[in-house]
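Chemist: Protein sequence lines correspond, in order, to chains L and G. So in numbering that gives the first Met the number 0, spot 176 of the first sequence is number 175, and the numbers just go up one at a time. So in numbering that gives the first Met the number 0, spot 270 of the second sequence is number 269, and the numbers just go up one at a time.
Be careful, since some hints might not be right.
[As the list claims (entries may be wrong)] EDC-like mimics (lysine to aspartate or glutamate), calculated; alpha carbons at most 20 Å apart, straight line:
1) Lys-276(L) <-> Asp-324(G)
2) Lys-315(G) <-> Glu-330(G)
3) Lys-320(G) <-> Glu-256(L)
4) Lys-245(G) <-> Asp-223(G)
5) Lys-414(L) <-> Asp-223(G)
6) Lys-35(G) <-> Glu-459(L)
[Unchecked claim] According to the in silico footprint, chain G covers these stretches of chain L (three or more CB under 8 Å from chain G):
7) 229–242
8) 304–318
9) 446–460
Hint data in this document are derived by calculation from the structure and do not stem from the laboratory. The C-beta atom is built at its ideal place from N, Cα and C for all residues, glycine as well.
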Amino acid sequence: MGTTAINEVDKVVIKFAGDSGDGMQLTGTQFTGTSALLGNDIATFPDYPAEIRAPQGTVAGVSGFQVHIGQAHIHTPGDNPDVLVAMNAAALKANLRDVAKGKTIIVDTDNFKRKDWEKAGFAEDPLSSGELREYHVIEAPMTALTKTALEGLGLDNKSIVRSKNMFALGMVYWMFSRPLEYTERFLKGKFGKKPEVLAGNIKALKAGFNYADTIEAFSSASAVLPADMAPGLYKNVMGNEATAWGFLAAAEKSGKELFLGSYPITPATDILQELAKHRHFGAKVFQAEDEIAGITSAIGAAFAGDLAITTTSGPGLALKGEALGLAVMTELPLVVVDVQRGGPSTGLPTKTEQSDLMQALYGRNGESPVVVVAAKSPADCFSMAFRAAKIALEHMTPVLLLTDGYVANGSQPWKIQHTEDLDDITPHEADKSMQNWQPYERDTASLARYWAYPGQEGYEHRIGGLEKDELTGNVSYTPENHEKMTHVREEKVQRVANYIPELEVDGAQEGDLLVVGWGGTYGSLLTAINQCAAQNKKVGLAHFSYIKPLPKNTAEVFGKYKKILVAELNQGQLVKYLRGELPQFTYQQFNKTQGLPFRVVELAHAINKTLEEK
Amino acid sequence: MSVETLEYTAKDFSSDQEVKWCPGCGDYAILKAVQKAMPLIGRKKEDIVFVSGIGCSSRFPYYMDTYGFHSIHGRAPAIATGVKLANPNLSVWQITGDGDALAIGGNHFIHLIRRNVSINVLLFNNRIYGLTKGQFSPTTNLGQSTKSSPQGTIDNPFNPGELVLGANGHFFARATDTNAKALTAILVEAEKHQGASIVEILQNCVIFNKDIFSNYTAKDVKLDNQLHVEHGQPMIFGSNSDKGLKLNGFKLEIVTIGEDGITEDDILVHDAHEEDSTLHNMLVKLQMPVVTGIIRSFQEDSFEIRMKKQVEEVEKNSPFKSVNDLLESGETWEIK
Numbered sequence: 000m001g002t003t004a005i006n007e008v009d010k011v012v013i014k015f016a017g018d019s020g021d022g023m024q025l026t027g028t029q030f031t032g033t034s035a036l037l038g039n040d041i042a043t044f045p046d047y048p049a050e051i052r053a054p055q056g057t058v059a060g061v062s063g064f065q066v067h068i069g070q071a072h073i074h075t076p077g078d079n080p081d082v083l084v085a086m087n088a089a090a091l092k093a094n095l096r097d098v099a100k101g102k103t104i105i106v107d108t109d110n111f112k113r114k115d116w117e118k119a120g121f122a123e124d125p126l127s128s129g130e131l132r133e134y135h136v137i138e139a140p141m142t143a144l145t146k147t148a149l150e151g152l153g154l155d156n157k158s159i160v161r162s163k164n165m166f167a168l169g170m171v172y173w174m175f176s177r178p179l180e181y182t183e184r185f186l187k188g189k190f191g192k193k194p195e196v197l198a199g200n201i202k203a204l205k206a207g208f209n210y211a212d213t214i215e216a217f218s219s220a221s222a223v224l225p226a227d228m229a230p231g232l233y234k235n236v237m238g239n240e241a242t243a244w245g246f247l248a249a250a251e252k253s254g255k256e257l258f259l260g261s262y263p264i265t266p267a268t269d270i271l272q273e274l275a276k277h278r279h280f281g282a283k284v285f286q287a288e289d290e291i292a293g294i295t296s297a298i299g300a301a302f303a304g305d306l307a308i309t310t311t312s313g314p315g316l317a318l319k320g321e322a323l324g325l326a327v328m329t330e331l332p333l334v335v336v337d338v339q340r341g342g343p344s345t346g347l348p349t350k351t352e353q354s355d356l357m358q359a360l361y362g363r364n365g366e367s368p369v370v371v372v373a374a375k376s377p378a379d380c381f382s383m384a385f386r387a388a389k390i391a392l393e394h395m396t397p398v399l400l401l402t403d404g405y406v407a408n409g410s411q412p413w414k415i416q417h418t419e420d421l422d423d424i425t426p427h428e429a430d431k432s433m434q435n436w437q438p439y440e441r442d443t444a445s446l447a448r449y450w451a452y453p454g455q456e457g458y459e460h461r462i463g464g465l466e467k468d469e470l471t472g473n474v475s476y477t478p479e480n481h482e483k484m485t486h487v488r489e490e491k492v493q494r495v496a497n498y499i500p501e502l503e504v505d506g507a508q509e510g511d512l513l514v515v516g517w518g519g520t521y522g523s524l525l526t527a528i529n530q531c532a533a534q535n536k537k538v539g540l541a542h543f544s545y546i547k548p549l550p551k552n553t554a555e556v557f558g559k560y561k562k563i564l565v566a567e568l569n570q571g572q573l574v575k576y577l578r579g580e581l582p583q584f585t586y587q588q589f590n591k592t593q594g595l596p597f598r599v600v601e602l603a604h605a606i607n608k609t610l611e612e613k
Numbered sequence: 000m001s002v003e004t005l006e007y008t009a010k011d012f013s014s015d016q017e018v019k020w021c022p023g024c025g026d027y028a029i030l031k032a033v034q035k036a037m038p039l040i041g042r043k044k045e046d047i048v049f050v051s052g053i054g055c056s057s058r059f060p061y062y063m064d065t066y067g068f069h070s071i072h073g074r075a076p077a078i079a080t081g082v083k084l085a086n087p088n089l090s091v092w093q094i095t096g097d098g099d100a101l102a103i104g105g106n107h108f109i110h111l112i113r114r115n116v117s118i119n120v121l122l123f124n125n126r127i128y129g130l131t132k133g134q135f136s137p138t139t140n141l142g143q144s145t146k147s148s149p150q151g152t153i154d155n156p157f158n159p160g161e162l163v164l165g166a167n168g169h170f171f172a173r174a175t176d177t178n179a180k181a182l183t184a185i186l187v188e189a190e191k192h193q194g195a196s197i198v199e200i201l202q203n204c205v206i207f208n209k210d211i212f213s214n215y216t217a218k219d220v221k222l223d224n225q226l227h228v229e230h231g232q233p234m235i236f237g238s239n240s241d242k243g244l245k246l247n248g249f250k251l252e253i254v255t256i257g258e259d260g261i262t263e264d265d266i267l268v269h270d271a272h273e274e275d276s277t278l279h280n281m282l283v284k285l286q287m288p289v290v291t292g293i294i295r296s297f298q299e300d301s302f303e304i305r306m307k308k309q310v311e312e313v314e315k316n317s318p319f320k321s322v323n324d325l326l327e328s329g330e331t332w333e334i335k
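One chain only, chain G, in its complex shape:
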């Protein structure tokens, strides 16, 4: 880390472009949190790339004074993969939404995760299509009435966390647009993690899906309805910090410390680094409280590291030092 890097402030990452999201959109808070995280990741500005697809959130790269690529619908994971493989030294960030990542780009999303390329994916989940003005998305609640489902949706929604873990995701975190401090901290950890880091951000679309997450994020309920997990800490929540999670058979049970003989020692301690994702999967599925924080962070060699090792190994053992060596290899004959 150079001295220069340490001198960045959030403002250094703000581009000259006017931000054009709707007033009150959750994206503003996320942009601020990302700009705050940038000076903390210890990377030079020219080594940072933001890649996006299509959707409201995908305008994000224009507002960052880094390298940026606003691409086409759903394809950002593949573009980001190309960027990272071309130059593994880069810090690559993908900005996406629930439609971009989980509908049109679902295939690229799961394969990015499966391959485990070191890309930080910020999945802005507002459970609605914003840019096309209010159709349901793959995360819209079952039965919700939208512009394209006036009688209510009949599609079962995805839970992004389940999808990530199902694709053998090694890093999954959940954050909200209302807690910028927690989000910034998660982003720094996502960058540190080697491999694909997926951060689902519950984001409020003030125009088409207003307050869809307020049951989790409103001031008066958030302590009771959100469980923020930290690796190595007991999973305790609640306005009185007296509620916690306990395993009852194959299910998670919400218990109250001090009732039925439950003490703090009975509460599960969060292990994000565990290779077996069974418990992580239970945490991502929990509806009430909703679990935020870094739910899973299991590390092994990422795709680009494996590729680099393979290339180095092949180069070391190859008889070919130049293309001419290759062209002259095999059966050749001379005509005089």
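So here's chain L without its partners, still in its complex pose:
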């Protein structure tokens, strides 16, 4: 390991950046996996272009992966990298503004030739122009060194150059005292059938590690201590993966078969792919011909007695709107997942935003209430997918689960929740004890109708999109019936509030300011208000997992603070909803629509500004 003194730090943010073909996502996930096994707390954020292969060497084609590892509780992937690995000039150009002066930048000098920095949009060579004077720059000819290391293995030039990401990873592993075993094991699994490629990758990894050791370039070579986390069995999860697993757990707990109808769309596709892997649980995964067929096939499966799910992103949710109304009218259990991205239209497919809340709440014809919930972190996707399924099955209603590109593709350590520790799910089904069952007869407490489905003798019935008689479900155009049914559908959704947890506050339980958020911004908001607490400011955080209906104690919580600041990655959608639902309070808002998550520093600034205002 060399003789360099190891400087222990409590957290560090590393960004790997290169061409979208350079394997930066893989490099980042490998560093994440290794650090997780060392017991670090972690948050990651992949940042990649919408184009599969944008022109090589351009800023548009830069793919990045940011990972935040630490000993303390890590809630965000970090505002700014402490270490930037730039595999080419474009990667430097795209990320330089995020790196604070004095931090470390590792560059592959082989990709900083004149044509490289010109293509990246630098006016002169950034390595010699003095532009990087105030950074700690480590110049390594990674491509050339990788070529030398891999000589004689019989690999073609393309395969050799491709291995340079492993060289870079090896360097960073040395820098942060990480062992190589995890990645070696991974490479053996991936390239087991191509021994020469396997040998090349492992050799490049070790060469990078040894090179970093040899040059002892790192004054800040650091070991990040393990996190102080609750005892238990952990694994690293990505949000989309956790969403898929939450549904599998819900299917097992409810005794229902899982049906997914879905059409591929960024950034939601991973849920479809993850569930497609798990047919051993009888999961019926149907890749439909379009978004509409995705939801309508799921509605058909719900009518026939399955736990039915459809997954999409904003544009897809727009297409599903009419069908979602059908699920509202027929009062069938259905979970719709919207992994939000920047909009409108195609917008920013690979970037994150919280701008589908209004669409989720209101984006249908007629009075069409659905339950709306949101996941606050990658690991929370598991819990919220499970809870969305539970609400749908127990309350006979469509449930919309909002995640976003940030939590969907981000990862964090997750304390595995075994199914025996999860709540039971009891689908609201008709049973033989009911006399003269009627399709729209309701439970008096929850107002859920009783589910009966094809295959069950004696329950033959017809439902559909036309207004229903309040009891028989037959078509009814009676004015009073329509008004009554309109109220009942809304009231049924509102009564879900009797079955969900109350709103909890992080930080100050009363005081000067309540920061309000929802969904994927939790980590950033929590970090910001923890900073406030350290400064003895009386700031609390109310973060909504349940948006419609609102938790029952919402007004009570809001009433304990002098000011309320609603922070969202949109132009103010939750705040509009709150102004309508709880008009007795005055709301201030902080909004961002850059396709990027909140930075803790900008939140802290907004909080302080709000506190200072008279």
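Let chain L serve as the given structure and place chain G on it in line with the hints.
Modeler: Leaving out everything else, chain G in the frame of chain L:
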């Protein structure tokens, strides 16, 4: 088949809802034919599901005392697919019209056929929009004047049979609302067929497109203008049963038995089971006579059978017996 099933009569499939189609509508005859077919398919009532979209014909499920789902415009194929995949044991029927299936729902229609899910699709083709009161549909004859084409349509129409075969359809039959007996027999065969079965029913809209098919269905012309095909039988028609089809190069030729040395042996014998659909395609395109009966019935594993086999195979080989096994798989670490 249980004894109980055999005791059903057509009346057992009639619901308590009042039928609300226009007097004289062809849908009445189709409803009767379907209710007559039900006791013959050997399925329990609770295992039968009728799914529809939007349009006059799509009110159909309300009139059947089975499970039924009246859904939204064009989406019935996808809903029916979900029903069938959720419970492959069900007998699933889709009721649709020329607008519902071929315009707004065209995408779902062709993909249902391509996937070959075992659903019986009854396509009521009256070549007009009825429920919205008389606009042209994707099957309206070129040049026809309608409410939305007062100067005549300039759209080329679809021939549903061609579309079905073009989407690699394995079962296509054509029937008329005036021959309930033939329709009932076709419906029973459609249910027996594994995979998507499409039955086009030429249906008379008495209000907006009256008698559009009378050239095929009127008593005085139907024998000469309709060729009802049966698998394994020579394709003979006509009031004197002396006309038949013969292949002349790449075209079908109508010949008369007894003229030009033509005998019954020269007439093509219908092979609905042939995998190559070239001849079936010629039959669906024939305008005069129009071909009715089961034109194509080629069987292979349906989508839901393939899905079931795949799931069973995966389950057999999987190390995961419960969700906990999955959650604990891969790289994990213990914090004490």
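Chemist: Does each hint fit the structure? Answer for all of them.
Modeler: Structure-based check of all given hints:
no., hint, result
1, Lys-276(L) <-> Asp-324(G), "holds (14 Å)"
2, Lys-315(G) <-> Glu-330(G), "violated (24 Å)"
3, Lys-320(G) <-> Glu-256(L), "holds (15 Å)"
4, Lys-245(G) <-> Asp-223(G), "holds (16 Å)"
5, Lys-414(L) <-> Asp-223(G), "violated (77 Å)"
6, Lys-35(G) <-> Glu-459(L), "holds (18 Å)"
7, 229–242, "holds (count 7)"
8, 304–318, "holds (count 3)"
9, 446–460, "holds (count 9)"
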